[in-house]
Amino acid sequence: MNNKKKNEGRTDFSYYGLYLLDYLTTNKFEQAADEAFIRERTDRAAEAYEQARLEGYPADGAQELAMKVLTEGLRYSKHAILREVVENEFAGEVPGEKCEAFTQKLLPLVGNVFSIYDLSDDNFALSPEYDLLYTELTGAVILYIEEYGV
Numbered sequence: 001m002n003n004k005k006k007n008e009g010r011t012d013f014s015y016y017g018l019y020l021l022d023y024l025t026t027n028k029f030e031q032a033a034d035e036a037f038i039r040e041r042t043d044r045a046a047e048a049y050e051q052a053r054l055e056g057y058p059a060d061g062a063q064e065l066a067m068k069v070l071t072e073g074l075r076y077s078k079h080a081i082l083r084e085v086v087e088n089e090f091a092g093e094v095p096g097e098k099c100e101a102f103t104q105k106l107l108p109l110v111g112n113v114f115s116i117y118d119l120s121d122d123n124f125a126l127s128p129e130y131d132l133l134y135t136e137l138t139g140a141v142i143l144y145i146e147e148y149g150v
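Numbered according to full-length UniProt numbering, the sequence shown terminates at residue 150, and the numbering increases by one at each position without gaps.
To be clear, the hints were calculated from the coordinates, so they are not data collected in a lab. It is possible that some hints are incorrect.
Stated by the list, open to error - In silico EDC-like links for lysine to aspartate or glutamate, alpha-carbon gap of 16 Å or less:
1) K68 - D121
2) K68 - E47
3) K98 - E87
4) K28 - E84
5) K105 - E84
6) K98 - E84
7) K28 - E146
8) K105 - E147
9) K105 - E87
10) K68 - E40
11) K68 - D43
12) K68 - E50
13) K68 - D122
Treat the numbers as computed from the prediction; the structure is a model and nothing was measured.
All chains, full assembly: derive it from the sequences and hints.
If you want it as structure tokens, here you go:
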């Protein structure tokens, strides 16, 4: 019943729209609630697929290009990065069953830490900036746990 309500009004999405909605929701991107964003990306992905097929790409190759267009700039969600920090650095303090709730509670409090980093860069995880962000988030989690506990 809960899933039915969550997806109500979104059943008219195409394959690409449903895929993107699931991806955004699973990774807790802010754009998951932005229907116009999803529709625009869906249209661009479908156009990329169609153009690739017209240019002679095999179906698999055209699909790969369409998926790239669909998820461009959406590789790293704030939630996923913070969850990774909590899971990797605080496994002893935050039990696995509390990790998701703890991450959800903490995310709004550390949102400003993300503001100086470009998470839309598909190579962000390979950059020195990712290491800086990871370190800053680790410090923020330490301060939070010291002050408020888990």
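How the hints compare with the structure:
Straight-line distance between C-alpha atoms of K68 and D121 comes to about 13 Å, which keeps the hinted pair within the 16 Å bound. Taking the CA atoms of K68 and E47, the gap is about 12 Å. The hint holds against a cut of 16 Å. Taking the CA atoms of K98 and E87, the gap is about 10 Å. The hint holds against a cut of 16 Å. Restraint check: the Cα-Cα separation between K28 and E84 comes to about 13 Å, which is no more than 16 Å; the hinted pair holds.
Restraint check: the Cα-Cα separation between K105 and E84 comes to about 15 Å, which is no more than 16 Å; the hinted pair holds. Simply put, K98 and E84 have alpha-carbon atoms about 13 Å apart, close enough for the 16 Å limit, and the pair holds. With a C-alpha separation of about 26 Å, the suggested pairing of K28 with E146 is violated against the 16 Å cut-off. Under the criterion of a C-alpha separation no larger than 16 Å, the hint pairing K105 with E147 is consistent with the structure, at around 14 Å.
Simply put, K105 and E87 have alpha-carbon atoms about 15 Å apart, close enough for the 16 Å limit, and the pair holds. Restraint check for K68 and E40: satisfied, since their Cα atoms lie roughly 14 Å apart, inside the 16 Å limit. Among the hinted pairs, K68 with D43 is consistent with the structure: their alpha-carbon atoms are about 13 Å apart, no more than 16 Å. Note on K68 and E50: the hinted pairing holds, with a Cα-Cα distance of about 14 Å set against a maximum of 16 Å.
For a cut-off of 16 Å, the pair hint linking K68 to D122 stands: about 10 Å separates their Cα positions.
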